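Participant: Sequence:
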Amino acid sequence: MRKRLGFAAVVALLTLLLAPVPAVARPDGGTPVTVPALSRWTAEPGAYVYRPGARLVADGPAERRVAATLAGDLRAAGHGSVPVVRGGAQAGDIVVDVRPSRTSLGAEGYELHAGTRLSITGATETGAFYGTRTLLQLLARSDRVPAGRTVDVPRYQERGVGVCACYIHISLPWLENLVREMSYNKLNQLLVELKVRSDTHPEANTWGYYTKDEIRRLVALGDKYHVRIIPEINSPGHIDPWIENRPDLQLTDSEGVKQPSRLDITQQAAFDYYTSLMDEYAQVFTARSWHMGADEYMLGSDFAKYPQILNYAREKYGSGATPQDAFVDFVNRVHDYAAGKGVALRIWNDGLTGANTVPVRSGTTVEHWLNVAVKPSRLIAQGHSVMNAAYSLYLIRGGFHSDTGALYDQRWDPRDLEGEKLTSSRGVTGAKISLWPDNGRGETENEVAVRLWPALRHVAQATWGDPHPDADYAAFVARGTAVGHAPGHRDLTRVPVADGTYAFGQSFTASVQRTEDGYVTLRSAAGCLAISGGRLTLNVPLQPGVEATWDGCDPANTLQRWELEPAQGGHRLVNAITRMALAVTDDGRIVQYPPDQRTPAVWHLS
Numbered sequence: 111m112r113k114r115l116g117f118a119a120v121v122a123l124l125t126l127l128l129a130p131v132p133a134v135a136r137p138d139g140g141t142p143v144t145v146p147a148l149s150r151w152t153a154e155p156g157a158y159v160y161r162p163g164a165r166l167v168a169d170g171p172a173e174r175r176v177a178a179t180l181a182g183d184l185r186a187a188g189h190g191s192v193p194v195v196r197g198g199a200q201a202g203d204i205v206v207d208v209r210p211s212r213t214s215l216g217a218e219g220y221e222l223h224a225g226t227r228l229s230i231t232g233a234t235e236t237g238a239f240y241g242t243r244t245l246l247q248l249l250a251r252s253d254r255v256p257a258g259r260t261v262d263v264p265r266y267q268e269r270g271v272g273v274c275a276c277y278i279h280i281s282l283p284w285l286e287n288l289v290r291e292m293s294y295n296k297l298n299q300l301l302v303e304l305k306v307r308s309d310t311h312p313e314a315n316t317w318g319y320y321t322k323d324e325i326r327r328l329v330a331l332g333d334k335y336h337v338r339i340i341p342e343i344n345s346p347g348h349i350d351p352w353i354e355n356r357p358d359l360q361l362t363d364s365e366g367v368k369q370p371s372r373l374d375i376t377q378q379a380a381f382d383y384y385t386s387l388m389d390e391y392a393q394v395f396t397a398r399s400w401h402m403g404a405d406e407y408m409l410g411s412d413f414a415k416y417p418q419i420l421n422y423a424r425e426k427y428g429s430g431a432t433p434q435d436a437f438v439d440f441v442n443r444v445h446d447y448a449a450g451k452g453v454a455l456r457i458w459n460d461g462l463t464g465a466n467t468v469p470v471r472s473g474t475t476v477e478h479w480l481n482v483a484v485k486p487s488r489l490i491a492q493g494h495s496v497m498n499a500a501y502s503l504y505l506i507r508g509g510f511h512s513d514t515g516a517l518y519d520q521r522w523d524p525r526d527l528e529g530e531k532l533t534s535s536r537g538v539t540g541a542k543i544s545l546w547p548d549n550g551r552g553e554t555e556n557e558v559a560v561r562l563w564p565a566l567r568h569v570a571q572a573t574w575g576d577p578h579p580d581a582d583y584a585a586f587v588a589r590g591t592a593v594g595h596a597p598g599h600r601d602l603t604r605v606p607v608a609d610g611t612y613a614f615g616q617s618f619t620a621s622v623q624r625t626e627d628g629y630v631t632l633r634s635a636a637g638c639l640a641i642s643g644g645r646l647t648l649n650v651p652l653q654p655g656v657e658a659t660w661d662g663c664d665p666a667n668t669l670q671r672w673e674l675e676p677a678q679g680g681h682r683l684v685n686a687i688t689r690m691a692l693a694v695t696d697d698g699r700i701v702q703y704p705p706d707q708r709t710p711a712v713w714h715l716s
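To convert a position in the sequence shown, counted from 1, into the working numbering, add 110.
Do not rely on the hints blindly, as some may be mistaken.
Pairs of lysine-lysine, BS3-like flavour, derived with a Cα cap of 30 angstroms [stated by the list, open to error]:
(1) Lys-531 - Lys-485
(2) Lys-451 - Lys-334
(3) Lys-451 - Lys-322
(4) Lys-334 - Lys-368
(5) Lys-368 - Lys-426
(6) Lys-485 - Lys-426
(7) Lys-322 - Lys-334
(8) Lys-415 - Lys-426
(9) Lys-426 - Lys-451
(10) Lys-415 - Lys-485
Everything labelled a hint here was simulated from the structure, so no lab data went into it.
Just so you know, these numbers come straight off a predicted model, no measurement behind them.
Assemble the whole structure, with the sequences as input and the hints as a guide.
Facilitator: Below, the structure is given as structure tokens:
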């Protein structure tokens, strides 16, 4: 693993990313600066000037939806209120047009023409929407857009980010920021491996889950900003968040030991349990895709310790069957269940080692992250679509971080898969970066964001257009800095009170000091407020009801960092890592709980 950045380096990078956006010259004197870079730009004399009185002209329902979102984003970006009108475009107006006859633009491409007025045309609503993202970036630096025309069409259909909130809860505002940033940079797919609080299986509701209303809110934002949000419940491995209280469904080894992270794929009850969760997720997710994970089922073990799996495979597929046939059988059964509901299946690649005699169902998209015996070219030859989810694109809390600069300088593109570089993009759907919480306390959400934004812009560039539009990585970073953050991006590093000593109601008095990553520490004579007890998951105390303690102060201890969340009458205290709020028990103890399990305390600071 590569050495991760020290805290001081994070601070420096955070300062750079949050600094005011400078004016940036167009790199060749003609093409405006955007991310992704415009691949084709034909300059014309003059400029479009955005002035008060500009209107958004949009006639049909699709055009008006795009224009309404653009109007809100223009307002959020400080450009004032712009009315949406029908017909009769005038000088200074912005025209949004959807023309299905413009088939050369494809499903997501657009044409933008800037002159005395500015027009955006797509063959689809999504294409026109992406044209508005380019416009917002052009207006981020100046109200003048150089006159000219571009036809901008993506190279790959899937351009994404994967987030594992599968154990460690990630705050909803952070995920909403991510959706906005993805859309602003023309990324269109967000994979979320997370737990939705279940009504059907309450025994599975260990923290950190999301409520159904929270997911509906996130999905609605994704729909508005053309980011498809794909859910994942990992199975049959890594399923311990769902079956830790269901030992009857856990795989049992030859010594009778239960395996809480492995589902027993030989049981019909296990399949029924898993598909019932899929049905419950369908209540809140609208994407017509489902990711079942299917990675690392035998991580740290092997099939030989589970003879029942081989017996199952032979009973179903004959004496020549292998244990991996039982694994593929489970994948295929999930595929068929999803397909029956009009949903396409996605899996990780590492379980496909070639030891199976039963083929994986055609139509299953394979997300390739690890170099194993079955190479991407073979998967494509077998009829599978392959997405590049390479390990080199990973950002792991407290662990490996993608070297975005090196990838840029190497002219990385989605054909560069782990263990094989393809000569053609045929069969490759695109690429994504992946965020994993292997050491959940290794970094805070805000620290992760510092590293995420450059990586996000790089994968956006490499999947949409020329993967190397600038002479070096420094110039590409400057390009990203120039376009800034998406309209509506929330500064999650803002602390609502000044540093100082405060009484938190009648509970305690503490010195409040802002941390460099935008949280606070609370210091008293007894030490610094922390969550340090209870059962650990990925090195994080995720057990509800754990009492907050005053520990020896350690600036590197992320469990001593707190978010001061404004609430009516005061502030709540939310731990930066566990994402649980503090509550006060009847006997006066201060404990952490998910906010839907116990009402968080609200402290008046004086």
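Participant: Hint by hint, say whether it matches the structure.
Facilitator: Results of checking the hints against the structure:
no.: 1; hint: Lys-531 - Lys-485; verdict: 10 angstroms, holds
no.: 2; hint: Lys-451 - Lys-334; verdict: 24 angstroms, holds
no.: 3; hint: Lys-451 - Lys-322; verdict: 20 angstroms, holds
no.: 4; hint: Lys-334 - Lys-368; verdict: 44 angstroms, violated
no.: 5; hint: Lys-368 - Lys-426; verdict: 24 angstroms, holds
no.: 6; hint: Lys-485 - Lys-426; verdict: 28 angstroms, holds
no.: 7; hint: Lys-322 - Lys-334; verdict: 18 angstroms, holds
no.: 8; hint: Lys-415 - Lys-426; verdict: 20 angstroms, holds
no.: 9; hint: Lys-426 - Lys-451; verdict: 25 angstroms, holds
no.: 10; hint: Lys-415 - Lys-485; verdict: 27 angstroms, holds
Consistency note: the structure conflicts with earlier hint 4 alone.
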